[in-house]
Amino acid sequence: MTKIGMMSFAHMHACSYAACVNQLADAELTAIWDDDAARGQSMAKQYKTTFMADMKKFLASDIEGVIICSENVKHRAMTEAAAKAGKWVLCEKPLATTVDDAKAMVAACKKAKVGLGTAFPCRYAPTLIELKDRVARGELGEIYAASTTNNGSYPGGWFADDALSGGGATMDHTVHVVDVLRWLTGKEFTKAYCENGRLIHKNIHTDDVGSVHLEMDGGLIVSHIASWNRSKSFPTWGDVTLELIGEKGVIEVDAFNQKINVYSDKQMKAEWANWGGNMDLGLVQDFVAAVRERRDPPVTGLDGLRAVEVTVAAYRSVQTGKMVRVAS
Amino acid sequence: MNVAIIGCGGMGHMHARMAANAGLKVVVCGDKFKRKADALAKKFDAAASDDCMEVITRPDVDIVAIATPTPVHTQYVVAAAEAGKHVFCEKPFGRTVHQCKEAIAAVKKAGVRLFVGHVVRYFQEFEAIKAQVDAGKIGRVGFIRTYRGGIMPEGEEMWFRDYDQSGGVTFDCVIHDLDWLRYMFGDVDHVFSQHLQRSTPETMDYSQTTLRMKSGVIANVIGTWAHPSGFRVKTELCGESGMIQYDSAESPIHAMSRGNAGAGPGMIVPSSPVPVSPYQLEWEDFVAWLYEEREPRVTAHDALEAVRIGLAALQSAESGKPVFL
Ligand SMILES: NC(=O)c1ccc[n+]([C@@H]2O[C@H](COP(=O)([O-])OP(=O)(O)OC[C@H]3O[C@@H](n4cnc5c(N)ncnc54)[C@H](O)[C@@H]3O)[C@@H](O)[C@H]2O)c1
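Protein sequence lines correspond, in order, to chains V and W. Residue numbering for the first sequence follows numbering that gives the first Met the number 0, starting at 0 and increasing by one per position. Residue numbering for the second sequence follows numbering that gives the first Met the number 0, starting at 0 and increasing by one per position.
Derived from the structure by calculation, the hints contain no laboratory data. Watch out, some of these pointers could steer you wrong.
In silico EDC-like links for lysine to aspartate or glutamate, alpha-carbon gap of 20 Å or less [stated by the list, open to error]:
(1) LYS233/W / GLU246/V
(2) LYS201/V / GLU239/W
(3) LYS247/V / GLU239/W
Derived CB-CB ranges, DEER-like [what the hints assert, rightly or not]:
(4) GLU101/W / TRP274/V: 41 to 51 Å
(5) CYS14/V / LYS213/W: 21 to 31 Å
(6) GLU155/W / GLY248/V: 54 to 64 Å
(7) GLY276/V / GLY229/W: 52 to 62 Å
(8) SER228/W / LYS112/V: 49 to 59 Å
(9) GLY229/W / GLU246/V: 17 to 27 Å
(10) ASP160/V / ASP161/W: 44 to 54 Å
(11) GLY156/V / MET255/W: 27 to 37 Å
Where a beta carbon is used, it is the ideal one built from N, C-alpha and C, also for glycine.
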């Protein structure tokens, strides 16, 4: 039985990960630590585990791996503390809000000889696995261009507070697709240009739409929309879409478009109920296996770092008004 | 009023039909290839010639409709103006800003009227979007994403595939959205764009453009001439209190043919029948202007601005830099 702990439920994905741990026969959700004690207690109750208020005691326990779902800027400190205590780490995306932080996290885990994984569940979405297989089989030949989106509804709270999040929608919704494209093509990002701003929501103080232009090795061109532009009335939370233009053809993917349309008078809003596979389960399962076998999780801290580099470059482009190089 | 068609390819045929629907008479057809002029003229019982300058100056012609490849719009606009004819010109208005200005100066000097076919302003689905936005249904709009294209067109002598002539998907096809976005959201401040414009091993173009409007609004504009088949238009608008989406793939009729054995999988042609073609609506708007009934929805200045934005996008894609208008 692999013992897993959770650090912070600030990011709502924590709920799904906790439920996944509980679903696995070979893992146990041993304890929750949270710097918000009230939240930690209520989550411990909900996921039938223990709440520990003291991080030191939590990390001194026999937990083998931790899943970190804090506010973005706190990822580094928690990862470093967990690594020091010899715990395997699965960290919510974005891995960090600066390249320095992300590098420090990778270095800390390397030094402590623990595995570090970045929570990029898209790699476990059946539709994207199918896409990866098709690309690997050469259906597209060389890929020349990709137009992608990761739209979402407005998450509110700390997500819109740059001091805790490191940035708005561009920070939140660039990394998933960046990771998927790296995974699909085996190429790295070289250049970034970005236009963003607060365009949709009144009275918030961060960007809610980012239009990001990227280049990958060999000149592959990418246009990506990172947004919180889905209205409350929209039938679902958002999307991950990709249109890939290749030498031999085109593939268009709407990754979560496995849905039924639901029209409920109780809701007075059309809703899409998704029946696709639970990608979080694969992610958590692989993390637990990595912990048990004392190896790196398949989606590593380095993958997280690479995605951070692209996002940071996008923000740098906004500041300079130019296309900038993605530093690595 | 009598119409001369210059350029008897795909759009020449379209405009001959639409001008007739709008109550005009097609009296003569000109094309650099006599056979193409003949083929169209036959349908309208009109005269045909491969001497386009002669066609334009015929005394019985009141309106010249120009549907030649883009770089040869201006020479015919100028000739028509000098001959005292009103002009309908296909989009893009010209291949360069200089050409557009030359055309505008010529019609001004001659005192004739010039209409440029930015037909998307007349498409019912785009009208419906505008009506919802104008009614305040989604509040202030902050972000728009448009998508247009499909298989790469060829055109006579493959002129669409010569990027110097057509400007590729960005300048030839996406210009529809560039104009519509400016019509809806005002002038553009700057443009960033990437494109393929490939010629080997396959000829294909694909373009990705971001417009920053003077108002701050962002528009992401995707254009494809990289698809193996089909044609699709998508538009999404995001506002402070809602969203609007349109996708031509969600059309009311999908017809599949069992008949084209050997031709590979039957192409599915989505179809959305409307009472009046938007191409007819633009002609009716033009004609109403000629009869002093109203100002048209598209002005020559609008068409020039669309060309400017399109050229800025091409320049950005070449330089890797944002281009300010
Ligand atoms: N509004 C729309 O929806 C739409 C759609 C397609 C094309 N267009 C525009 O319409 C114009 C024509 O496009 P098309 O698809 O009809 O192309 P096409 O190639 O089918 O037709 C062009 C015609 O012009 C003739 N031509 C070429 N050079 C000439 C010259 N120097 N003098 C006289 N005739 C000449 C050709 O022989 C051909 O018959 C282009 O500017 C294009 O961008 C608009």
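Structure-based check of each hint:
1. LYS233/W / GLU246/V: violated, 23 Å
2. LYS201/V / GLU239/W: Roughly 7 Å separates the two Cα atoms, so the pair holds.
3. LYS247/V / GLU239/W: With a Cα-Cα distance of about 40 Å, the restraint between LYS247/V and GLU239/W is violated, given a limit of 20 Å.
4. GLU101/W / TRP274/V: 41 to 51 Å: Since the Cβ atoms of GLU101/W and TRP274/V sit about 60 Å apart, the hinted range of 41 to 51 Å is violated.
5. CYS14/V / LYS213/W: 21 to 31 Å: Given a distance of about 43 Å, which is not inside 21 to 31 Å, the answer is violated.
6. GLU155/W / GLY248/V: 54 to 64 Å: Once the Cβ atoms are compared, 27 Å apart, the range 54 to 64 Å for GLY248/V and GLU155/W is violated.
7. GLY276/V / GLY229/W: 52 to 62 Å: violated, 29 Å
8. SER228/W / LYS112/V: 49 to 59 Å: Roughly 54 Å apart at Cβ, these two residues keep to the hinted range, so it holds.
9. GLY229/W / GLU246/V: 17 to 27 Å: For GLU246/V against GLY229/W, whose Cβ atoms are near 18 Å apart, the range 17 to 27 Å holds.
10. ASP160/V / ASP161/W: 44 to 54 Å: Holds, at about 52 Å.
11. GLY156/V / MET255/W: 27 to 37 Å: violated, 49 Å
Hint violations for this structure: numbers 1, 3, 4, 5, 6, 7, 11, all remaining hints satisfied.
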